[in-house]
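Between the sequences and the hints, there should be enough to build the whole structure, so can you do that?
Listed here are the chains, written in short residue letters.
Number of protein chains: 4
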Amino acid sequence: MKLAMIGLGRMGGNMAHRLVQHGHEVVAYDRDLAAVAEAAKNGATGVSSLTELPAQLPSPAIYWIMLPAGEITENVMREVGELARPGDIIVDGGNSFWKHDLARAAWLKERGLILIDVGVSGGVWGLDRGYCMMIGGDDAAVKHIDPILQALAPGLGDIPRTKRPSTESAWQAEMGYVHCGPAGSGHFVKMVHNGIEYGMMQAYAEGFDILKQRGKDDLPDNMRFDLNLSDISEVWRRGSVISSWLLDLIAIALANDQSLSKYSGRVADSGEGRWTIDAAIEEAVPVDVLAAALFARFRSRVEFSYADQLLSAMRHGFGGHVEMPQ
Amino acid sequence: MKLAMIGLGRMGGNMAHRLVQHGHEVVAYDRDLAAVAEAAKNGATGVSSLTELPAQLPSPAIYWIMLPAGEITENVMREVGELARPGDIIVDGGNSFWKHDLARAAWLKERGLILIDVGVSGGVWGLDRGYCMMIGGDDAAVKHIDPILQALAPGLGDIPRTKRPSTESAWQAEMGYVHCGPAGSGHFVKMVHNGIEYGMMQAYAEGFDILKQRGKDDLPDNMRFDLNLSDISEVWRRGSVISSWLLDLIAIALANDQSLSKYSGRVADSGEGRWTIDAAIEEAVPVDVLAAALFARFRSRVEFSYADQLLSAMRHGFGGHVEMPQ
Amino acid sequence: MKLAMIGLGRMGGNMAHRLVQHGHEVVAYDRDLAAVAEAAKNGATGVSSLTELPAQLPSPAIYWIMLPAGEITENVMREVGELARPGDIIVDGGNSFWKHDLARAAWLKERGLILIDVGVSGGVWGLDRGYCMMIGGDDAAVKHIDPILQALAPGLGDIPRTKRPSTESAWQAEMGYVHCGPAGSGHFVKMVHNGIEYGMMQAYAEGFDILKQRGKDDLPDNMRFDLNLSDISEVWRRGSVISSWLLDLIAIALANDQSLSKYSGRVADSGEGRWTIDAAIEEAVPVDVLAAALFARFRSRVEFSYADQLLSAMRHGFGGHVEMPQ
Amino acid sequence: MKLAMIGLGRMGGNMAHRLVQHGHEVVAYDRDLAAVAEAAKNGATGVSSLTELPAQLPSPAIYWIMLPAGEITENVMREVGELARPGDIIVDGGNSFWKHDLARAAWLKERGLILIDVGVSGGVWGLDRGYCMMIGGDDAAVKHIDPILQALAPGLGDIPRTKRPSTESAWQAEMGYVHCGPAGSGHFVKMVHNGIEYGMMQAYAEGFDILKQRGKDDLPDNMRFDLNLSDISEVWRRGSVISSWLLDLIAIALANDQSLSKYSGRVADSGEGRWTIDAAIEEAVPVDVLAAALFARFRSRVEFSYADQLLSAMRHGFGGHVEMPQ
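The listed protein sequences correspond, in order, to chains A, B, C and D. For the first sequence, numbering that gives the first Met the number 0 gives the first residue as 0, with consecutive numbering after it. For the second sequence, numbering that gives the first Met the number 0 gives the first residue as 0, with consecutive numbering after it. For the third sequence, numbering that gives the first Met the number 0 gives the first residue as 0, with consecutive numbering after it. For the fourth sequence, numbering that gives the first Met the number 0 gives the first residue as 0, with consecutive numbering after it.
Bear in mind the hints are in silico, worked out from the structure with no lab data behind them. Hints may be right or wrong, so weigh each one.
Intra- or inter-copy, both count: the list cannot distinguish identical chains.
[Unchecked claim] The calculated SDA-like cross-link candidates involving lysine to any residue, where the alpha carbons are at most 25 Å apart (straight line), are:
# : residue 1 : residue 2
1 : LYS142    : LEU155
2 : LYS98     : GLU70
3 : LYS162    : ASN255
4 : LYS1      : PRO85
5 : LYS98     : ALA283
6 : LYS98     : GLY111
Written as structure tokens, this is what we have:
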């Protein structure tokens, strides 16, 4: 199939590359022309402006937008919406807020266009491993782009197969992509995926912190252990209940440097973690772990917090306590 | 009544003072002789060593130990246990771990001595306001020291009275002291008191932090408010659901300096908060708020955490994410 | 002054009553005519439809809407907005979402009308104790309704005064009301107030649960205490660090029945707790305690959760663990 | 090598079996003689009492105790300690509390015996997959039993190898076992492993709950999604950041029955989750996620909580709120 890939950063560039490797024709655009040149080197057809795209594409055209969520995706979506022809399909592969999809789908529908929202997991490893995809949108349109989804998906690989009834959706799921429901549902499921990711990461982080601090000098001698965290992470990868891909990454990081000294620990959060809490509150679902994981990231970016200062002020007020020295 | 007050710091010194004011005779000891002199100035009889105490006291003697929990209380308790006479009463008024009381009571009992554990709330304000006391120990012994407890307790004051059946324990409760049960139960109740205190303090701290950060520059103009936290704390003291003594203290602190600039926000924790979580886990009671309050204090004392560094390492691993600049 | 009070439920009815007691003229409306009759009995002028209001009021008219947040407030606001005259002031005294105020203020402004949002704390006790109020909106308009605010506010009472510089806002704060900033800021501050309230309530709830479960049969004899929670709550009201109005209410509840058997423990949440978390996330402020308090309420209303079922399924999967019997 | 396996339940029985399969000689004992017979069928030498063991074993003898943590392990350890000969090695492979190991190691040492504590992960799958092991104890003794550890460990398998310096401990880690440090350190590391497990499980549980409740009737139509959780779990196993062995188990469970109707959701906890929090508090490490995961299990086992009842009582007290109907 032929499609336009708009946005050739870490994600879009690799996805274009993988699509070409699987025999698809990619018309590649990015406002950074070096990225376009790189995509062309990998077999895509480069163009230097959005307006060149329609002429390059069959009807219905497929525009796959792979840009950071937010203003830039919104703007490019608008531009593409203006130049597309009725019946065309616009894919938002970024990490957009799923409620924005609802509004966008409605706006595009007024112009005869169809929105497909695709939540993509896979990061920098996707070129080789493939991309796990969660898809929302109109049935026929999602069916239409199926060959593209197949090419991007990781496929069966050597992962042990779960015994389950064989349906079309079950087969797609095994390939690594799932059509979740109407517009917005793809990003919704991807959002929850990231929410879980935050929680899992924090679980590991807290656990390794406990191991690390067990070597602290102020513990009694027989209760102090200087643990080899690299070996431990490696062991846990084998046959343990907590083996996972994240643990593989931890093992790689610790193999290099157990002190993690090149990281200061100011941890960003990228939207999905926040929206997950929002969705849970909307549904009245208790999410203590997912929320705590988000809050830990907030806290990691602040040296001193006003909350903590107020605690000190109260302690001074009722007990005359002087603060701990820095 | 006549009793020995051992330990004349912020708490013990004021308690000795208050007892004298209420007509009791206090024999005061502290290893800091300046504190003894101060107590003597306030009407107590000062002594310069523990061994002088027995001769000064009637039988059964009452030894009120008012020292920081831990080794020092343990040591002094041992010393007093050695020099006391059968039938004497030893009061531990510090913030001891309630399980230690169980062992101490057993050890003292072997020597014919009686332990009363008293959890005391009131801080530096107690001299004037009186001390709220939670008491554990043998019935007869607690009854014996009742006049002392009455003198230390805040009394009815002008607090609106709750309509309830009138019993002896109910009357004592209104005076501000309660005999909770056998040895250990006084410190147990005091411990939970402090656990609740941590949770309440953190609730205020988080709320005021939200108010404070609402003035941040990066918020949209119509969603940014520069709030007068001093006025707000003052208003909440009047007729609001969250009025409390802690809020009174917040109002005092904010009246001086809304920025709380003299506090760095490294918040100590003093044992009870930790033991409260331990007790809850022993009982399988979920205590998300009390635990989160404790953990916030732990976090306040660490500039960067290994947990956060590991989050950054994982993010780098799967997404090539570079850390946020400091 | 003369004003219209729209909505005569538990809150609005008492506020109308208090305003009459303080010499103001209240034109009272509710769609429940029995509530109107009750207000008339208390000295207000009753009317049986919104459309009668303008003729009864001087210019600029003051419409105080005291209805549950949500659709009904929105609808009545619209209706009043249609029948009001330019320059009139519309007060929203319900627990509206502060971001809705922003839209409403804009809509009203187009019609020459002014929105004042007032967050009110005080509940059923406000008639006697007065209402603590947090106010957002235009300076001149807020100044105009000042006599009404003074009448509703609790006033100085016998609460110890905080030493602070004397300004107009400081004086108002001591009376029990505060003009926080532009439209929306009143409800914003009230929202955080309720968020704190959730956290404090949960802190007490967890603490008393620990005390209660300490009497459980499965604990070792010397670690089991049958505590008198009524006495303990009463003691904590006197001189303790955690004394508060909420604790007064706890003492009242426990004086009647320590087992709280008439409550099943399905706890509602009314919006502000949720919005507080939303605001904190918007500001990247960690609010572990406030969020945990909200989630505990969610959990209280579900007998079994899908999350828990999935935990059981996983445990069965990796360990062959059979579930605990019910 | 030849060793005694004491305790032939789900874990011990399979471990004996695996050891025989790898060419070791196992003398098997359990107080349930049917389990002994089963082990004999699998190639072990069965005995019907502990006292028969010493005669069957070379010197130094290896006693591997594989029993539930707690009283039974304590008792059997004592018995074995009495009948063992100086220089013998006693392995505790159960989930014992690591601080108990410290006392046991000291007691055994007095008798010339050596304790090795082994934390084992692998559950019912270990017979095939092998057992991931965390080991504490004396260097020479751990070295002595190395062939046994190798046989039990999963081995390299087809797990991608982490690039890291090649040392002896690194090689063992890749085989799936790690000598963590002195006595107690094996169970310490296993305990943290389980703490992390609790956190990860809860992260998945909360995430899937959000997905599930998104189909609730009370959500607006365009914000309601009926999601196929089985397909979603399957997709996430492929190329996603949150793929893990636990997710594999979730996929298996959901393939059978998305409603998980055979689970009521009363979730047990087995000690390690609690001790992990205890260890973290000892080290002053904030563990919001691990603690919340534990508390969720506590909450899952209580229909109504006293804490929730008290919240209702407070709400009734200040707002006249009636409880939500059940």
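Hint check results:
Only within a single protomer do LYS142 and LEU155 lie at most 25 Å apart by alpha-carbon distance; the minimum there is 20 Å, versus 41 Å between protomers. Taking CA atoms no more than 25 Å apart as the test, LYS98 paired with GLU70 passes in both settings, with 15 Å inside one copy and 21 Å between copies. Within a single copy, LYS162 and ASN255 get their C-alpha atoms only as close as 39 Å, which misses the 25 Å cut-off; across copies the closest is 9 Å, which meets it. When the C-alpha separation of LYS1 and PRO85 is checked against a cutoff of 25 Å, the pair qualifies only within one copy, where the shortest distance is 17 Å, while the shortest distance between copies is 60 Å.
Taking the closest pair of Cα atoms, LYS98 and ALA283 come within 25 Å of each other both inside a single copy (18 Å) and across two copies (21 Å). Taking identical chains as interchangeable, the C-alpha atoms of LYS98 and GLY111 lie at most 25 Å apart only when both belong to the same chain, with a minimum of 20 Å there against 33 Å between chains.
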